[in-house]
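Based on these hints, arrange chain A on the given structure of chain C.
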Amino acid sequence: MHAVAIDPGTLFTIALMALATYVTRAGGLWLASRFDLSERAGAWLDHIPGAILVSLVAPTILMGGPVKVFAALAVVIVSLRTRSLPAAMVTGVGTVLALRALQANLL
Amino acid sequence: MSEKNTTEGRITFTLAGALAGARRCVPIAISGCGIGLVFGTLAGQAGLGAGEAVLMSALVFSGAAQFVVLGLWVAPLPVATIVFATLVVGLRHVLMGVALAPVFSKLPRLKAYGSAFFMADENWALTLGEFAKGRRDAAFLEGGGLLMFLAWTGSTFAGGTLSGVMEDPSRWGLDFAFTAVFLALITGMWKGRSNILPWTVAAAVAVAAHHSLPGQWYILLGGLAGSFAGVARRGH
Numbered sequence: 001m002h003a004v005a006i007d008p009g010t011l012f013t014i015a016l017m018a019l020a021t022y023v024t025r026a027g028g029l030w031l032a033s034r035f036d037l038s039e040r041a042g043a044w045l046d047h048i049p050g051a052i053l054v055s056l057v058a059p060t061i062l063m064g065g066p067v068k069v070f071a072a073l074a075v076v077i078v079s080l081r082t083r084s085l086p087a088a089m090v091t092g093v094g095t096v097l098a099l100r101a102l103q104a105n106l107l
Numbered sequence: 001m002s003e004k005n006t007t008e009g010r011i012t013f014t015l016a017g018a019l020a021g022a023r024r025c026v027p028i029a030i031s032g033c034g035i036g037l038v039f040g041t042l043a044g045q046a047g048l049g050a051g052e053a054v055l056m057s058a059l060v061f062s063g064a065a066q067f068v069v070l071g072l073w074v075a076p077l078p079v080a081t082i083v084f085a086t087l088v089v090g091l092r093h094v095l096m097g098v099a100l101a102p103v104f105s106k107l108p109r110l111k112a113y114g115s116a117f118f119m120a121d122e123n124w125a126l127t128l129g130e131f132a133k134g135r136r137d138a139a140f141l142e143g144g145g146l147l148m149f150l151a152w153t154g155s156t157f158a159g160g161t162l163s164g165v166m167e168d169p170s171r172w173g174l175d176f177a178f179t180a181v182f183l184a185l186i187t188g189m190w191k192g193r194s195n196i197l198p199w200t201v202a203a204a205v206a207v208a209a210h211h212s213l214p215g216q217w218y219i220l221l222g223g224l225a226g227s228f229a230g231v232a233r234r235g236h
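Chains C and A are the protein sequences, given in the same order. In terms of the working numbering, the first sequence opens at residue 1 and continues consecutively. In terms of the working numbering, the second sequence opens at residue 1 and continues consecutively.
Next up, chain C with everything else stripped away, as it sits in the complex (with noise of 0.2 angstroms):
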């Protein structure tokens, strides 16, 4: 077995895959820093943020069953009282964990 052994048509693929990612990165601040934006683009600039990670969790959330949902309420209670992150990821994987081991003890 060569565990470091690298085949031409991986690094080929990889390479190519790793020029794909690059220009997503890259692409928006240059097409930002080429274009001057408006006071109304600035505004939708503004609502990027929150409107991505919204999208990044809603599906997890709202259909990942009662679970994520009340894991998901601990949350952001917990994050609006500390404002921490570690609080927050702590309370969520440690919810999730207390509530599905519920689940199986009682089914």
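Hints are supplied without guarantee of correctness; some may be wrong.
To be verified - Once the Cα atoms are required to be at most 20 angstroms apart in a straight line, the calculated DMTMM-like pairs of lysine to aspartate or glutamate come out as: (1) A:K111 - A:E130; (2) A:K106 - A:E130; (3) A:K106 - C:D36; (4) A:K191 - A:E130; (5) A:K106 - C:E39.
Said to hold, decoys possible - Among chain A residues calculated to face chain C with C-beta under 8 angstroms, some are: (6) L77; (7) G90; (8) R92; (9) M96; (10) A112; (11) M189; (12) A206; (13) G226; (14) S227.
FYI, nobody ran anything at the bench for these hints, they're computed from the structure. These numbers come from a predicted model, not from an experiment. Here a beta-carbon is modelled for each residue, glycine too, at the ideal position from N, C-alpha and C.
Only chain A this time, still in chain C's reference frame:
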């Protein structure tokens, strides 16, 4: 006006900023290690050697894209499909980069485009949080990203060599770690009732798109719909 917050003040790029970014990303890097172990393990099962898996983690540095292509990784490699899938999964980065541009476009090119390589969902969101608080050290993104990069490549290697350690992350509740971090960030972004409409639209479109479209389109579509709803609301 909040959009001015991102352009006022002096923009710096210091070691202290990078270290601050790395410190804030510690919990994210730790839970990222769990995901990296899983990726390394699954990559091994898909036929990638540990060296190849680490190379992919180092050059592509995108968990979402890497997990998606593992599903396509069969001999002979469908190269065009793999690269196209990577591009589609990465499209949300374009939108994220646009959001960073008011600050990053004022940096020297090498720093701005070097930082762009390290832009992931988590350190991007934390960096915008810093900018919103009035802190303007753009090295925050790269500092956090570098720590995540080390965690991601290191744990990919560990997963690739010690296979089968964490085949099911949901057993450890780790599948919810990132959701919890994102939720906490969303909570911090709440500015008042003006957020209700764009966030509801984003959530509804994301859920609908997640249900009906393959891959990661839901993030891009939800983000676009929600942000446009926010501007439309402001216009009246």
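Run the structure past the numbered hints and jot down the numbers of the failing ones, going up. The structure conflicts with no hint, since it agrees with every one listed earlier.
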